[in-house]
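Student: Spelled out from the first residue to the last, the chains are:
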Amino acid sequence: MSIDRHLRTERVREPAIRVQGLEKSYGALRVLRGVDFEVPRGGVLALLGSNGAGKTTVVRVLSTLLRADAGTAVVNGFDVTTQAADVRESISLTGQFAAVDEILTGRENLVLVARLRHLRDPGRTAERLLDRFSLTDASARRVATYSGGMRRRLDIAMSLVGSPPVIFLDEPTTGLDPHARLEVWQAVRDLAERGTTVLLTTQDLDEAEHLADRIAILHEGRVIVDGTLAELKRLLPPARVEYVEKQATLEDVFLALVADEGTTSTAAGR
Amino acid sequence: MTRHFAADTAVLLGRSLRHIGRSPDTIITTAIMPIAFMLLFVYVLGGAIQTGTGSYVTYLLPGILLITVASGVSYTAYRIFLDLRGGIFERFQSMPIARSSVLWAHVLTSLVANLVSVVVVTLVALLMGFRSGAGVLAWLGVTGVVALFTLALTWLAVIPGLTARSVDGASAFSYPLILLPFISSAFVPTDSMPGPVRAFARHQPVTSIVEAIRTLFAGQPVGSDLWVALAWCVGILAVAYACALVVYRRTIS
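Going line by line, the protein sequences match chains U and P.
Quick note on numbering: our numbering labels position 184 of the first sequence as 184, and the sequence is numbered without any gaps.
Numbering-wise, our numbering comes out as the position in the second sequence, counting from 1, plus 1000.
Don't take each hint at face value.
To be verified - Restraint ranges, calculated between C-beta atoms of paired labels, are given here: (1) P:V1116 to U:D206: 51 to 57 Å; (2) P:A1172 to U:D204: 39 to 45 Å; (3) P:I1032 to U:Q20: 57 to 63 Å; (4) P:G1021 to U:K246: 14 to 20 Å.
Claimed, not checked - Covered by chain P, according to a simulated footprint, are these stretches of chain U (three or more residues, beta-carbon under 8 Å): (5) 63-73; (6) 81-90; (7) 107-119.
Worth flagging that the hints you see were computed from the coordinates, not collected in a lab.
Since we're looking at a predicted model, the values are computed, not measured.
Built from N, CA and C at the ideal position, the CB exists for glycine as well.
This is chain U alone, in the form it adopts within the complex (with noise of 0.2 Å):
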């Protein structure tokens, strides 16, 4: 799979993502002082920052909802400010509270943005990622009766219709139980596997180390670092042999007690 994705990287030059000296300012509140990233084309970076870094501003500049005051942001080799229709074209947001209608069911949900996004045949569309999320049987049910996962999982198959080439997920695991996250990071990697490029932001350290090829650290309104997990831990002091005993983690733990109905299996089984 990963050479798959280094021949199409060397197949198509221009980066999925390049942004450069982005700067926004909210009144005399200075978010973003000139941020530079890229995202190879099929790639999976996660922005990560602390609250309040900017990470939410960068992913609603990259989706055409707010212009930065300075800087240049290029999504599929379209200018977001200048070809902003051609930019919304190929991509898909994922925010950070599910952006879900509450009323409709969840199938309904999907074939109106399969609509909306002018597929031949929303209704297959819709089938299809019920089954890939699993949410065929809940298909049927008001959204307002799922629960925080599934609701983030809907959110998320929404935003995979019409298979836009560039994906923005917001915080996507903020919120969700131990379950339902596995089953977020999963969907992420499926996203992965076929050549989608994820811009992913996180302040959850260890969501960036088991989901991202490359990881960017947003901090005082720039990207202080840029590389893979191997190139920043090579920022630090080398490590050092120490015997420790291994113990669960409370996550373990937690898992390991309530695992019913092998939720996670079926997830992590496509």
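Using the hints provided, position chain P relative to the given structure of chain U.
Tutor: Then chain P, alone, in the frame of chain U:
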């Protein structure tokens, strides 16, 4: 992008209409207050009101229809507010759709929902003794005026829907609109009002719209009232539409 405008608006209109279909209480609550006003004025206060015409309910209905619309449009503000807060608005905005279709879908939904409420109120008025000598053309005229009035107030409602910070704020704007018919010829003839109030009542939009609908219902030839009424509706519509688009552009960029 704009080539999809009609198709996108239709899809989003279907979504909002489905919302209404699943919570028909929005139509019922819109109709209940005007019906209560109608009962109150006809059976409690009406006996003491001299309109110089025959049945009071027939005199009253045009104003009641405007109150119905004025209270109904607040649901547009409410729905737009919920879309904004829920994040689905941002999803739509980041998708390759005609951007204004999001607003148009809400406006057309308001038109459909309010016309249904208006029909319900009119049916109750018929039970209470409302009679009209209007022909088909006059009924079409009434429908046209009410629809235009609804469009104007709905575009007005879009503004608080986009700017409100809370649900209450989103719908509070409609209270003055609901009160406006009380200071007009909707309930009592303006002749009985003291000078300044009478001057206001005679020159505010509700009076001319009410008089125009009343004349159409009576099957009489329409005079200048209809043109003044249409001018008010088109004027409010144009200003509200322009302001709403300015606010919308500020919201989405």
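Student: It remains to establish, for every hint, whether it holds in the given structure.
Tutor: Here is how each hint holds up against the structure:
1. P:V1116 to U:D206: 51 to 57 Å: Check passed, 53 Å falls within 51 to 57 Å.
2. P:A1172 to U:D204: 39 to 45 Å: holds, 40 Å
3. P:I1032 to U:Q20: 57 to 63 Å: holds, 58 Å
4. P:G1021 to U:K246: 14 to 20 Å: Violated, at about 57 Å.
5. 63-73: holds (count 5)
6. 81-90: The restraint on the region 81-90 of chain U holds, since 3 of its residues have a Cβ under 8 Å from chain P and three suffice.
7. 107-119: holds (count 7)
Figure legend: structure checked against the earlier numbered hints; the only hint not met is number 4.
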